[in-house]
Each structure stands twice: as structure tokens, then as C-alpha cells.
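*Asks:* Just so you know, the sequences run in chain order A and B.
1 is the number of the first residue of the first sequence in my numbering; add one for each residue after it.
201 is the number of the first residue of the second sequence in my numbering; add one for each residue after it.
Some clues are possibly wrong.
[What the hints assert, rightly or not] Here are some, though not all, of the chain A residues that point toward chain B, as calculated from beta-carbon distances under 7 Å:
| hint | residue |
| --- | --- |
| 1 | SER36 |
| 2 | LEU38 |
| 3 | THR68 |
| 4 | GLY79 |
| 5 | HIS180 |
| 6 | VAL199 |
[As the list claims (entries may be wrong)] Computed footprint of chain A on chain B; a stretch qualifies when at least three of its residues, placed anywhere within it, have a C-beta under 8 Å from a C-beta of chain A:
| hint | region |
| --- | --- |
| 7 | 235-241 |
| 8 | 251-263 |
| 9 | 266-275 |
Derived by calculation from the structure, the hints in this document are not laboratory data.
Virtual Cβ for every residue (Gly too), placed ideally from N, Cα, C.
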Amino acid sequence: MESNVKNAPLEYQTEHSQMSILGFWIFLAAEVVLFSTLFATYAVLFGRTADAPLPSELFEIDIVLIMTFLLLTSSFTCGIAIHQMRHGSKKGLITWLIITLVLGLGFLGFEIYEFVHYTHEGATLPSSAYWSSFYVLAGTHGLHVTLGIGWAILLLIQLVKKGITNVTSRKVFIISLYWHFLDVIWIFIFTSVYLIGMVV
Amino acid sequence: MDFYLYKCLLDWDGGLNVKPNKRIPTQHIIGFVLSLVLTIIAAWTAVGSDLSTNWIITIIMALAIIQAGIQLVMLCISLNLKAKTVTSLGI
Numbered sequence: 001m002e003s004n005v006k007n008a009p010l011e012y013q014t015e016h017s018q019m020s021i022l023g024f025w026i027f028l029a030a031e032v033v034l035f036s037t038l039f040a041t042y043a044v045l046f047g048r049t050a051d052a053p054l055p056s057e058l059f060e061i062d063i064v065l066i067m068t069f070l071l072l073t074s075s076f077t078c079g080i081a082i083h084q085m086r087h088g089s090k091k092g093l094i095t096w097l098i099i100t101l102v103l104g105l106g107f108l109g110f111e112i113y114e115f116v117h118y119t120h121e122g123a124t125l126p127s128s129a130y131w132s133s134f135y136v137l138a139g140t141h142g143l144h145v146t147l148g149i150g151w152a153i154l155l156l157i158q159l160v161k162k163g164i165t166n167v168t169s170r171k172v173f174i175i176s177l178y179w180h181f182l183d184v185i186w187i188f189i190f191t192s193v194y195l196i197g198m199v200v
Numbered sequence: 201m202d203f204y205l206y207k208c209l210l211d212w213d214g215g216l217n218v219k220p221n222k223r224i225p226t227q228h229i230i231g232f233v234l235s236l237v238l239t240i241i242a243a244w245t246a247v248g249s250d251l252s253t254n255w256i257i258t259i260i261m262a263l264a265i266i267q268a269g270i271q272l273v274m275l276c277i278s279l280n281l282k283a284k285t286v287t288s289l290g291i
């Protein structure tokens, strides 16, 4: 085991780092519970739009598809960033992390545009139970993306200053887990909120 | 899905014994392309097909679960799982 650890990637070389990564997996399990409750709330309140517009009247497939492609691509580029880190390429890691960030910001921009558009059309947070649950679910995901972007920016500053070390590599690895997680959550929001909202 | 996750965790060596390779893993690219294709199929099924609502919901939810599985495989690749395990996922 000792020799294995010596040959391990930087982020696994100390017990503290290994425990941090395990701890983050547990955090992600708690996040699954959080989003499960939000999905369940959305499902229960589905269709209760009162006098507000129906989701099928407002959801636009073009924008939702662009948002999905942006997030899926950002997850892919995040994976490449990890690959570059494993290869010891600081420049490659920083470049792919910046690309991931830009894609994440693009996603966020579209989400904000979408929310503003819906609000102008009369679908606001207090307008109906359905729209409340929609904004809370999609908004919580968007908030997580925002936090991820802020986190990644701070991490990029550390990477520029300190390079790839035990600590920075662990942080990059953990943020990649977080980003993949947000991607999976979005797949279910895309399907169960937007696509089903357009159909039913 | 549970079996795949079980296999992933069973064969995971904690990211140990990494042999860095400059090339981007092919599975990673295939997974990415597949996820894009599945997204397009799901969108077309929802807005472009003449199927009944129940069928549309069933198909797009199944596609979402497959997509989540693909993301899991991509995560396994990021975690540096053994190539044999990733192949055994059948993606």
C-alpha cells in the first residue's frame, strides 16, 4: 500500500487528501437528498399553474438545448482538465479549467435570460405553486453552478501562484466531482422539467 | 445501473497506480458524443414525434437514465478506473 501511495496521483498522496475526497463524496450524497426533495416537490406541484402561463407556453427548446450542450461540454472539458493535471501539465490544466469556466458562465447567462423572460411573461416565483417549485429547483441548480464558478476562479488563482501541488490537485479533483454532479442533476432537470413541461 | 456502480467501486483502486498518457481517453470522447446524441434524441422525441404522451415520458426518462449512466462512466474514467472495468460497462 505504501508503494502504491507513492505512485498515486498527487491528490491521493496524503491521508488528509484521501479523507477530504471521501468527505466530499459524502457531501455529494447529501446534495442528492437535497435535489431529490426539490424534484419531489416539483412533481407534486406539477400542473398547478393557477392563472400564470403554462410551461408549454414559455419553455423554448432552442435555449434549453443550448444550455444543455454548454453544460455537457463543460463537464467534458473538466474531465480533460483532470487528465492534463494527471499528466503534470499546469498550462493544460489552467487552459481547460478556463474553458470549463467560460462554458459554465455561458450556461448561467442563458439561465438568467430565461428567468427574466419568464418573469416578463407573468411566470414569477409567487404567481403559482408550479412556478415556485420550478424556480426553486432550477434556481438551486443555477446557484450551485454560480458557486462552482466562484470556487473555480479562486482555484485558478491558487494554481497560477502555487502550481500543481498535493493541495491544489486535491481541490481540482474535488471541483471536478462537483461539476460532474451538477451535470447529472441538469440532465434530470432538462428531462423532467423542460421536456415533460413542453409535452404535458 | 447498480451493478455498474458496484463494479466501478469494486474495481476502483482509489486512483492509485496512474500511468499518465498525453492522449485524451477515447472513452471520454465517446461518452461526450453519446451524451450529446442522446440529448438530441430526447429533445426530438419530446417536440418532434407523434407518440402518445405516456410513451414520450417513458422514452425520455429512459434516455435520461442512460445519460446519467454515461456520466457515471465518464466519472469512472476521471477517477482512473482500470480500462477493463470501463469496457465492461458496455458503453
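*Asks:* Look at each hint and say if it fits the structure.
*Replies:* Okay, the hints, checked on the actual structure:
no. : hint    : result
1   : SER36   : violated, 14 Å
2   : LEU38   : violated, 16 Å
3   : THR68   : holds, 5 Å
4   : GLY79   : holds, 5 Å
5   : HIS180  : holds, 5 Å
6   : VAL199  : holds, 5 Å
7   : 235-241 : holds (count 4)
8   : 251-263 : holds (count 6)
9   : 266-275 : holds (count 6)
Hint check: violations occur at hints 1 and 2; the rest are consistent with the structure.
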